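First to last, the sequence lines map onto chains A and B.
FYI, the numbering used here numbers position 244 of the first sequence as 244, with every residue one higher than the one before it.
FYI, the numbering used here numbers position 151 of the second sequence as 406, with every residue one higher than the one before it.
Source of the hints: derived by calculation from the structure; they are not laboratory data.
Since this is a predicted model, take the numbers as computed values, not measurements.
Glycine included, each C-beta is placed from N, C-alpha and C at the ideal position.
Accuracy of the hints is not assured; some may be wrong.
[As the list claims (entries may be wrong)] Here are a few chain A residues that sit away from chain B, every Cβ distance over 10 Å (derived from the structure):
id, residue
1, Gln8
2, Ile14
3, His15
4, Ala93
5, Ile156
6, Gly194
7, Met198
8, Leu211
9, Lys238
[Claimed, not checked] Label pairs and their computed distance ranges (CB to CB):
id, chain 1, residue 1, chain 2, residue 2, range
10, A, Ser69, B, Arg486, 23 to 31 Å
11, B, Asp277, A, Met198, 48 to 56 Å
12, B, Asp277, A, Leu186, 38 to 46 Å
13, B, Ala439, A, Met198, 45 to 53 Å
14, B, Glu272, A, Arg185, 44 to 52 Å
15, A, Val97, B, Ala270, 23 to 31 Å
[Stated by the list, open to error] Okay, the calculated bits of chain A under chain B, using three or more residues with CB under 8 Å as the criterion:
id, region
16, 146-153
17, 166-172
Residues per chain, in single letters:
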Amino acid sequence: MKALSLYQDNGTLIHRVDPISKLLYIAAAIFIPVVLTGFTAGLAMLGLSLMLLVLARVLRKVVPLIGFSMLVLISVVIIQGLFYAGNRQVMFALGGVHFYREGLLFSAAICVRVLNILCAFALLVLTTRPSDLIESLVRQGLSPHFGYVLSSVLQIIPQMTGTMETITDAQRSRGMETEGSLMVRLRAFLPLIGPVVMNSLVSTRERSLALEVRAFSSRAQKTFLNEERVSTSNRVIKIVLLAAMAAAVAWRVVS
Amino acid sequence: MNKIEIRNLVFHYTAGEPILNDISLAFDARSTAIIGQNGAGKTTFVKLLKGLLKPVGGDVVINGINTSDATVAALARHIGLVFQNPNDQIFKNKVLDEVMFGPLNIGQSQDEARERADAALAMVGLAGRINDNPYDLSLSERKLISIASIVAMNTEIIIFDEPTIAQDFSGKEHIKAIIRDLVAQGKLVLTIIHDMDFVAETFERTLVFAQGRVLLDGSTREVFAEEEVLRQAHLEPPHVTQLAHRTGLPGTPLTVEEFVREKRAQGAMRPVTP
Ligand SMILES: Nc1ncnc2c1ncn2[C@@H]1O[C@H](COP(=O)(O)OP(=O)(O)OP(=O)(O)O)[C@@H](O)[C@H]1O
Ligand SMILES: [Mg+2]
Numbered sequence: 001m002k003a004l005s006l007y008q009d010n011g012t013l014i015h016r017v018d019p020i021s022k023l024l025y026i027a028a029a030i031f032i033p034v035v036l037t038g039f040t041a042g043l044a045m046l047g048l049s050l051m052l053l054v055l056a057r058v059l060r061k062v063v064p065l066i067g068f069s070m071l072v073l074i075s076v077v078i079i080q081g082l083f084y085a086g087n088r089q090v091m092f093a094l095g096g097v098h099f100y101r102e103g104l105l106f107s108a109a110i111c112v113r114v115l116n117i118l119c120a121f122a123l124l125v126l127t128t129r130p131s132d133l134i135e136s137l138v139r140q141g142l143s144p145h146f147g148y149v150l151s152s153v154l155q156i157i158p159q160m161t162g163t164m165e166t167i168t169d170a171q172r173s174r175g176m177e178t179e180g181s182l183m184v185r186l187r188a189f190l191p192l193i194g195p196v197v198m199n200s201l202v203s204t205r206e207r208s209l210a211l212e213v214r215a216f217s218s219r220a221q222k223t224f225l226n227e228e229r230v231s232t233s234n235r236v237i238k239i240v241l242l243a244a245m246a247a248a249v250a251w252r253v254v255s
Numbered sequence: 256m257n258k259i260e261i262r263n264l265v266f267h268y269t270a271g272e273p274i275l276n277d278i279s280l281a282f283d284a285r286s287t288a289i290i291g292q293n294g295a296g297k298t299t300f301v302k303l304l305k306g307l308l309k310p311v312g313g314d315v316v317i318n319g320i321n322t323s324d325a326t327v328a329a330l331a332r333h334i335g336l337v338f339q340n341p342n343d344q345i346f347k348n349k350v351l352d353e354v355m356f357g358p359l360n361i362g363q364s365q366d367e368a369r370e371r372a373d374a375a376l377a378m379v380g381l382a383g384r385i386n387d388n389p390y391d392l393s394l395s396e397r398k399l400i401s402i403a404s405i406v407a408m409n410t411e412i413i414i415f416d417e418p419t420i421a422q423d424f425s426g427k428e429h430i431k432a433i434i435r436d437l438v439a440q441g442k443l444v445l446t447i448i449h450d451m452d453f454v455a456e457t458f459e460r461t462l463v464f465a466q467g468r469v470l471l472d473g474s475t476r477e478v479f480a481e482e483e484v485l486r487q488a489h490l491e492p493p494h495v496t497q498l499a500h501r502t503g504l505p506g507t508p509l510t511v512e513e514f515v516r517e518k519r520a521q522g523a524m525r526p527v528t529p
């Protein structure tokens, strides 16, 4: 079944890195630039993320995300450039409107930070199958019940749109007009709600029965279908990331 | 005029993965079975006839209407499709509402719709269940309801996708009777089906789909005589036909009655060679 996921199955090196390392990478990508104030660290981190995205061959999928956030970020730049409270030094004027150096620097820092977080999350989301992520979290001690809830949330939306499509097909197959003007579509949409909810209730009941007959709530120690991939490289990645965060803190304290 | 005309039909869900390659066909009044391996593209084909999917290339013309130019709802008064999975079709909470939904939509009056719904439910043997909730019925009963709700629409063309799934002997006999009845009323009946014995007993014409093409097209007897080609499509002739071949009977009997008649004509039964 399709799941609500942006996962790209490219099978690159990055895809083989375990999800926990990627979570740790997100933490580092946020943490290091915050500790080491200033542009260099943030830009370096951003550069690294972009490089990893290229390696994972998913950069193309990130572009629309960046494009969308740019809309918001540009308005931040304009507003801060004009009205930032610490504005002193005029940088340039555009048609009689003055842009200030302090505001522009401040907003640039925000932009770097946002893009940084965005790219780090994109790296996780685009290169990790959601079920793998949840499985690793459960392995780390997350309750399997909660893990199941997480994965069903990812599935329930596509499942509901799927049900909607099937029911729409069933209705228009029997002469109900569902294409055309907004009014027509609205009239077709309303009677859908009942059956869609009904269907999900029925399938929820069936799924809980299916889970129970396979001893979902058994208290015995659970094993996993997939073997845990413990590789030295994954351990090295984690150690490097932790060390980098520690180094950042040390640098901040010393200098 | 042919009720359905298909010219150079091409279809794929994702570009580069063709499902149907350049199919040209016409359907006259003969009842027709569509057979083929799982995944051969049969369901996709009938969804194209129904207008639920639109051709990537070529034309599908239903009663003179090109499906690319009409909405599914507008086509619904000409062509009815019983879905493969009844759960994809049933959405009302009362059997009677479910069966009357189509007829009312295509402009039958309340009385006419009720009459046709009652008749259709009686045909499938579920007249006593009109007030039940379809979700409480078994899969085989839901399948029969999905059949009744299309039959009640009284369209000129009716397509069944796997009508016999989950049916026992009497369910199959009900369905066979319905198909014969519809044919007698002059309707065009197309059926996708995996049960070769049912095909042999019920349909005049048979199409074999394989890898997005029509591998064989002819009278059911002609098609089932082509054992070699059928094997290519991973299909087998009906059991009686196979038995006839193994016992050295000439011709292609399609039903038990035909088999017995041939045997009698041939004289005493020879021992079966293993
Ligand atoms: N909605 C869809 N999106 C993408 N591919 C699909 C979709 N529906 C079917 N397919 C693919 O199209 C091919 C033909 O499917 P189809 O359902 O038409 O086969 P079929 O002949 O009806 O098989 P069966 O005998 O199992 O019902 C299959 O390979 C299937 O995986
Ligand atoms: Mg099918």
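Taking the minimum C-beta separation from A:Ala93 to chain B, is that value above 10 Å?
holds, 51 Å
A cut-off of 10 Å on Cβ-Cβ distance, and A:Gln8 was said to be off the interface with chain B. Does that hold?
holds, 16 Å
How about the region 166-172 of chain A: do at least three of its residues have a C-beta closer than 8 Å to a C-beta of chain B?
With 6 residues close enough to chain B, the hint holds.
Between A:Val97 and B:Ala270, does the beta-carbon spacing fit 23 to 31 Å?
Violated, at about 49 Å.
Just tell me: holds or violated, for the beta carbon distance of B:Ala439 and A:Met198 against 45 to 53 Å?
violated, 38 Å
Please confirm whether A:Leu211 is truly not at the interface, meaning its C-beta sits more than 10 Å away from all C-beta atoms of chain B.
Fine: 20 Å to the nearest Cβ keeps A:Leu211 off the interface.
Interface exclusion of A:Lys238 relative to chain B, criterion Cβ beyond 10 Å
holds, 38 Å
Cβ separation of B:Asp277 and A:Met198, checked against the hinted range 48 to 56 Å:
At 42 Å between Cβs, range violated.
State, for the Cβ atoms of A:Ser69 and B:Arg486, whether the hinted interval 23 to 31 Å holds or is violated.
violated, 59 Å
For A:Met198, which was marked as not at the interface, is the minimum beta-carbon distance to chain B over 10 Å?
violated, 7 Å
Per the coverage rule (Cβ-Cβ under 8 Å, at least three residues), is the region 146-153 of chain A covered by chain B?
The restraint on the region 146-153 of chain A is violated, since only 0 of its residues have a Cβ under 8 Å from chain B and three are required.
Run the C-beta distances from A:His15 to all of chain B and say if the shortest one exceeds 10 Å.
holds, 22 Å
Of the hints listed earlier, those the structure fails to meet are numbers 6, 7, 10, 11, 13, 14, 15, 16, in rising order.
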